[in-house]
Amino acid sequence: MIKIFLLAVFLTKFSLIPENIDFIGLNEYEIRQKMAKSESEFIYRKTHSSGNYKYLKFSNNIESKTLVFVLKNNVCTHFMIMYDNMYYSDILKTLNGCCHKQTENEWIEHKNNDIFKIYLKQGKWYFTLTKMKAEN
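Letter by letter, the sequence shown follows residues -18 to 117 in our numbering.
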């Protein structure tokens, strides 16, 4: 019984799909500031640059979730969260409950007058959720 209670507290505290990550359109400084305030589960790890692109990497303490913001010309265009496969069924339930399923691995989310596309891609050991603004 205690294990179930602790699991419920853990899942309540640490949402599988961080809802506060509406950082598309923000710059690096704004993302790092907001992550420090609203997503304490994630720790900043490193920044990588390649041409006009910059990648900001965050992960949780046990590195079962890795979050990468992709910035073009210092503006976030999309982000990816890599999860251990143990989270796959929970993420599917969450997406099917809050978003409109388009295809086997694609959902549409309507939020604050914006439309976002969410994609899932499963690998051998982990899967990736990618979220970006839908093109009009």
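I should point out that these hints are in silico values taken from the structure, not numbers from a laboratory. Don't take each hint at face value.
[As the list claims (entries may be wrong)] Cross-link-like lysine-lysine pairs, in silico, PhoX-like; alpha carbons within 25 Å at most:
no. : residue 1 : residue 2
1   : K105      : K92
2   : K98       : K15
3   : K35       : K74
4   : K74       : K53
5   : K18       : K112
6   : K102      : K114
7   : K82       : K98
8   : K102      : K112
9   : K74       : K102
10  : K35       : K18
11  : K105      : K38
12  : K74       : K27
Which earlier hints can't be squared with this structure?
-> 1, 3, 4, 12
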